[in-house]
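Asker: The lines below spell out each chain.
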Amino acid sequence: MWTFIVRRLGLAALTLVGMSVVIFVLLRVAPGNIVDLIFQSAGYVDPAEKHRLTHELLLDRPIVAQYLQWAGRLLHGDLGTSYRYGLPAWQIVRPRIPVTVELATLALLVSLCVGLPTGIVSATRHNTAADYGLRLFSLAGLSLPAFWLGMVIILLLVRVFGWIPSMLYVPAAVDLRAHFLQFLFPALAAGYRSAALVNRITRSSMLEVLREDYVRTGWAKGLTGRAVIYRHALKNALLPVVTVIGTEFAFLIGGLVVTETVFNLPGVARYLVEAILWRDYPVVQNLVMIIAAVVVLSNLAVDLLYARLDPRVRYA
Amino acid sequence: MVRHASARRGLGTLLICVLVVSSAWAATTAPKTGGVLNAMHREDPPSLSIHEEATISTNWPMMPCYNNLVLFNPLRGQESQATITGELAERWAWQDGGTSLAFTLRKGVRWHDGRPFTSADVKYTFDLVRGAPEATAQLRLNPRKGWYAQVQVIEAADPYTVTFRLKRPQPSFLMLLASGYSPVYPAHIPAAELRTRCVGTGPFKLKEYRPGEFIEMVRNPDYFVRDRPYLDGIRFIIIKERGTRIAALQAGRLDVTMPQEGTKTAAEQLKRAVPKMVIFETSTNINDNILVNFKRPPFTDSRVRRAVSLAIDRRSYVQAVRQGGAVVGASMLPRPWGVWGLSPEDLAGLPGSGDPVTQKAEARQLLAEAGYGPDHPLRIVVSTRAIALYVDMATFVIDQLKQVGIDATLEQVESALWYAKLTRGEFELGANLTGIGVDDPDANFYENYVCGSSRNYSQYCNPEVDRMIDAQSQTLDQVKRRHLVAEIQRRLEIDGARPILAWDTDYSAMWPFVHNLIPHQSVYSYARFQEVWVDR
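Chains as they are written, first to last, in our numbering: chain A, 1 to 316; chain B, 317 to 852.
Simulated from the structure, these hints should not be mistaken for lab results. Beta carbons: idealized from backbone N, C-alpha and C, even for Gly. Mixed in with the good hints there might be a few duds.
Pairwise CB distance ranges, derived in the manner of DEER restraints [what the hints assert, rightly or not]:
hint, chain 1, residue 1, chain 2, residue 2, range
1, A, 297, B, 352, 41 to 51 Å
2, A, 290, B, 538, 55 to 65 Å
3, A, 177, B, 725, 39 to 49 Å
4, B, 484, A, 60, 33 to 43 Å
5, A, 17, B, 524, 49 to 59 Å
6, A, 152, B, 640, 19 to 29 Å
7, A, 26, B, 799, 55 to 65 Å
8, A, 155, B, 725, 30 to 40 Å
If we take Cβ atoms under 8 Å as the criterion, some of the chain B residues that face chain A in the derived model are [claimed, not checked]:
hint, residue
9, 453
10, 456
11, 459
Please construct the entire structure, taking both the sequences and the accompanying hints into account.
Answerer: Now the structure itself:
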């Protein structure tokens, strides 16, 4: 198993190096750079001032030299300075990471709490009114854009209660109730889509397993429904669900842009988009690397979980 | 307590009365001290340095930190020479036939870090922004350098006297100094540092700026105006999503909107949802215009330029694109908001403002004379920024041009590249928005219309108009100057220098417990918050 982990970590490192090259090049291929944007906000362009600023930000150096400088700094733990704010990139990024991680975790919790039971019910009551209703529920979850859902939640809250959660981030240590309310609605909005996905996967996986011989044997032996479904069927149906959960978590870390924007949460995802729009290279590159690392590590975690869930899986 | 200033056509007088009554009401109710104002903000400012930016996103949260020499009276809705009041300057006087402006400064004023304010700070600031050879520092960006082109030298004879010596008379100079874009910077702090922090003399100190979240100001206890400010602080809450911003205002998480953020539709919805919400209708001093590239055929032909201007029906534009939330005007802000706007009679005679059927027929005739018609249609590209508001404008223009036989297509330009593209003249027609810092001819004409000016993207150059612009700039007689400015506006529209489609209206909303926050006809100059108080 350890050989497997070491090999996967080696592959992960290679993936991250490849990722760093891709993001570095893609950012520079995108039209415009921070200097263009600085002038855009000032509403004019002075070629001499522009040239001076480009030089000041070292953007006139060859792209390879720029890459090596960034990679070298990154290896030394230096994330550079944000072009836009003139502050160390880490200083801006650091407080945002817990916000996004918390929201992604809560959204995942929502998706598990809703998606798993509804998926099981759907599968065990296959082609009944309950199944149809839940299929509609999951299809809606996959179809409704998170942006729309978030906005509807906000508008309903303001319309019905004349209230919306705080627009400023409230740390849990300051006010737990306000903190909970601040995360509850975005977690519901973001978690609904994941819940729908988990529901679909659980349902199809369960349906497959419920047709297996050993399940029929269980029924024939006179086991209780609870024992057959939860002990024998669900455990074996969980493998694809775990895969989905792993990728969903990674997706949520980078994909909460819309939810964070609508609920005004100062998270990483929202900030990443703003940094891209501002071509704030140091911030974008480093954030993407962090997200890439999360994706790689969650995939590794899922692979390791397989062995725990299914004894037939062996790591070579 | 209704302070909703409604400005329907022909009701300018009523509007002024409402504003006067509201101002008087504000003045007669006893102000209360304390409380924190939660103000809307739509985005992070590009930087905190007002002198280096040209956006309300910087002025709105940073004006409370600074003072000007002079400022437009915050309690008067319409900015003009008559509403200028002293801030760091106790008094001022024109000398030498209008070529020198001498200021006597307040004594005992201190910067937020405790250092004394003197005339050296004034000289430093305005040498910096005019890019004087003797300036001890340089700005990274200097969007308003042109405002100070007539300054020959700034003399600080003693710590409390400063004199601006001009190359020629320029009565507007005081207007430019009264703009929210003209704060005095501390000479002892490097200008680059002011992009991320604020050391001013203003009524509020910067407590904390958390990018993407908020900008927090606290009361300056050592402020030089006694018993001001009333507020303990201001929290500018950054909310990127417009729908969320409005919901936050409605739910009471915000107390006031941000200038330039209120559309007519949103204001109407808000008023329906919260009838007690106070809505101020005023101008933004921002116009929607068409950039015509004078250097690129077919727009080197004056007939084609005029045909384009005639083809676009301004009144339909206001209704279709702005849902009525704009007014038709020429190159200066129209009445009743503006001081220099053309009369309705003058406006009616300008291209695009008359009978649309007749004007479109005239446009087709001009195009035919220039050699274009159904067999040989004029094919052009309308460029604009890839932002919904700009695209809406461009789409309308394309439709109007098609009605006179011009086959126009849309080019959406990545926002970051927009001004670079305009500066290089890489466009035929451009749908653009232009904000004017002060409702003043010098601020507008020298920035946008004189030969070779920094934002003259059309590359329009008419030496005769330049002479007229110089003449109005040095005319001390206000009546004469007004006539000259009106004539210049007519010439600019007839020449098709930059056809103005409309001037945008702003709908500022605030809860009734917010007092003394009176929106002006230009969004850039009323955010000092010195007089604002709340009574929750």
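Asker: Given the hint of 55 to 65 Å, is the C-beta distance from residue 290 of chain A to residue 538 of chain B inside that range or not?
Answerer: Between residue 290 of chain A and residue 538 of chain B, where Cβ atoms are some 44 Å apart, the hint is violated.
Asker: Should the hint that residue 456 of chain B touches chain A count as held when the rule is a Cβ pair under 8 Å?
Answerer: holds (6 Å)
Asker: Take a look at whether the Cβ-Cβ distance between residue 17 of chain A and residue 524 of chain B falls inside 49 to 59 Å.
Answerer: Once the Cβ atoms are compared, 38 Å apart, the range 49 to 59 Å for residue 524 of chain B and residue 17 of chain A is violated.
Asker: Can the suggested window of 55 to 65 Å be confirmed for the beta-carbon pair residue 26 of chain A and residue 799 of chain B?
Answerer: Cβ of residue 26 of chain A to Cβ of residue 799 of chain B: about 57 Å, so the range 55 to 65 Å holds.
Asker: With respect to the beta-carbon atoms only, verify the hint that residue 297 of chain A and residue 352 of chain B lie 41 to 51 Å apart.
Answerer: holds (43 Å)
Asker: Measuring from the C-beta of residue 459 of chain B to each C-beta in chain A, is the shortest one below 8 Å?
Answerer: holds (5 Å)
Asker: 30 to 40 Å was suggested as the range; check whether the CB atoms of residue 155 of chain A and residue 725 of chain B agree with it.
Answerer: holds (37 Å)
Asker: Is the gap between the beta carbons of residue 484 of chain B and residue 60 of chain A within 33 to 43 Å?
Answerer: Cβ of residue 484 of chain B to Cβ of residue 60 of chain A: about 41 Å, so the range 33 to 43 Å holds.
Asker: Would you check whether residue 453 of chain B satisfies its interface hint, that is, whether its CB is within less than 8 Å of any CB in chain A?
Answerer: violated (14 Å)
Asker: Would you say the C-beta atoms of residue 152 of chain A and residue 640 of chain B sit inside 19 to 29 Å of each other?
Answerer: holds (28 Å)
Asker: Is the distance from the Cβ of residue 177 of chain A to the Cβ of residue 725 of chain B consistent with 39 to 49 Å?
Answerer: violated (56 Å)
This entry does not satisfy hints 2, 3, 5, 9, going by the numbered hints stated previously.
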